[in-house]
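Chemist: What follows is the residue order along each chain.
Protein chains: 2
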Amino acid sequence: MPKPSLHVALIHWPVLDRAKNIVCTNVTNFDIHDIARASRTYGVEKYFIVNKMQEQLSFVSRVLDHWRLGVGSEYNNKRKTALGMVHLQPTLEDVIKTFPQKPLVVATSARELGIPRITFKDLREKLDSEGSESILLVFGTGFGLGEQVLAQADMLLEPLRGASKDDYRHLSVRSAVSIVLDRLLGRW
Amino acid sequence: MPKPSLHVALIHWPVLDRAKNIVCTNVTNFDIHDIARASRTYGVEKYFIVNKMQEQLSFVSRVLDHWRLGVGSEYNNKRKTALGMVHLQPTLEDVIKTFPQKPLVVATSARELGIPRITFKDLREKLDSEGSESILLVFGTGFGLGEQVLAQADMLLEPLRGASKDDYRHLSVRSAVSIVLDRLLGRW
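So the protein sequences, as listed, match chains A and B.
In this text, residue positions in the first sequence follow this note's numbering: the first is 12, and each later residue adds one.
In this text, residue positions in the second sequence follow this note's numbering: the first is 12, and each later residue adds one.
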């Protein structure tokens, strides 16, 4: 029997800025590569980069073409392999529509919003159990996911805590995705 | 009783390139920020950026000044806090000399080199036991640490495996540092 498939979405709009305004952030080159490589390493099926600005999607598309088809594909074959699973969509709604059946949407947010929480342990067990369900992990850029995105979440993942004395936890989204994937799928 | 203190060094020279030549890589802005933020989140004491090129250290120094003292320190206080523990040194030898007593040097390399391996579990236990020892985790950029660095390692950390069907494991160093710190110090 198959296990649930895991997918990652990185949201650039609608996300919060420092002053809690809704903004659209830019895609960085490191968001493309680091998260694709981590996703590929942990067997994530698809990595969706979500940005409603057409120029932004065109920029990512050019980067992907370079590594998948252009000079980069011969220069670095491992990057080509990782970037094969990157997909571009303007909104989370569009991402969800690409699935034959609605996936379980698990968002990441440190805020308490009345959405049920799931622990790393429980989600790890779910991923290791029989089932044909798709699970979509949703991460935000900027200062966190906007409410319009959170309203589509079935569950919120347990917040990521580190181990500093003053409970500092201001990880880059690239670090957060890597650590979450390792907690859900890593074996050591 | 105190527990061992943990430190991270990111080596830009001597490291290997794709063809296994010894090279000096450039420091990227994301190596500074992502790894400082992850280190800060997990209570790492010092994060050493190691590069023998003076221009490279000057570049990093300017970035650090911007966030620690300049406009950036007022703009983003959390970055200031994270970057306070970043230190610059030309070589690993220089890093080791900054410790009052020689730290236990634990390098990361997937190659087998006859240096004793330590598992994540054992190093985690060591960090959680009483002791005044300092532990220095050494990560490489490029395509891995050069032999001159590995010759100074007391131990090699267990290689990081993911969970892909074809055992793809080509993480960015930023992802690798984040995952290693979580395995050694994360609580969930």
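Just so you know, not all the hints are guaranteed correct.
When chains are identical, the list treats them as one kind, so a pair holds in a single copy or across two.
Unchecked claim - Simulated pairs of lysine-lysine, DSS-like, Cα-Cα distance not exceeding 25 Å:
(1) 57 - 31
(2) 176 - 132
(3) 108 - 89
(4) 176 - 137
(5) 137 - 89
(6) 63 - 176
(7) 31 - 176
(8) 57 - 176
(9) 132 - 31
(10) 89 - 63
(11) 91 - 31
(12) 31 - 89
(13) 14 - 108
(14) 14 - 57
(15) 137 - 91
(16) 31 - 137
Treat the hints as calculated values from the structure; they're not laboratory data.
Chemist: Now tell me, hint by hint, if it's right for this structure.
Modeler: Hint check:
{"no.": "1", "hint": "57 - 31", "in the structure": "neither (29 Å within a copy, 32 Å between copies)"}
{"no.": "2", "hint": "176 - 132", "in the structure": "both (24 Å within a copy, 22 Å between copies)"}
{"no.": "3", "hint": "108 - 89", "in the structure": "neither (29 Å within a copy, 37 Å between copies)"}
{"no.": "4", "hint": "176 - 137", "in the structure": "between (32 Å within a copy, 19 Å between copies)"}
{"no.": "5", "hint": "137 - 89", "in the structure": "neither (30 Å within a copy, 35 Å between copies)"}
{"no.": "6", "hint": "63 - 176", "in the structure": "neither (39 Å within a copy, 33 Å between copies)"}
{"no.": "7", "hint": "31 - 176", "in the structure": "neither (27 Å within a copy, 41 Å between copies)"}
{"no.": "8", "hint": "57 - 176", "in the structure": "between (36 Å within a copy, 14 Å between copies)"}
{"no.": "9", "hint": "132 - 31", "in the structure": "neither (31 Å within a copy, 40 Å between copies)"}
{"no.": "10", "hint": "89 - 63", "in the structure": "neither (29 Å within a copy, 28 Å between copies)"}
{"no.": "11", "hint": "91 - 31", "in the structure": "between (37 Å within a copy, 21 Å between copies)"}
{"no.": "12", "hint": "31 - 89", "in the structure": "between (38 Å within a copy, 16 Å between copies)"}
{"no.": "13", "hint": "14 - 108", "in the structure": "within (21 Å within a copy, 51 Å between copies)"}
{"no.": "14", "hint": "14 - 57", "in the structure": "within (15 Å within a copy, 41 Å between copies)"}
{"no.": "15", "hint": "137 - 91", "in the structure": "neither (30 Å within a copy, 39 Å between copies)"}
{"no.": "16", "hint": "31 - 137", "in the structure": "neither (33 Å within a copy, 42 Å between copies)"}
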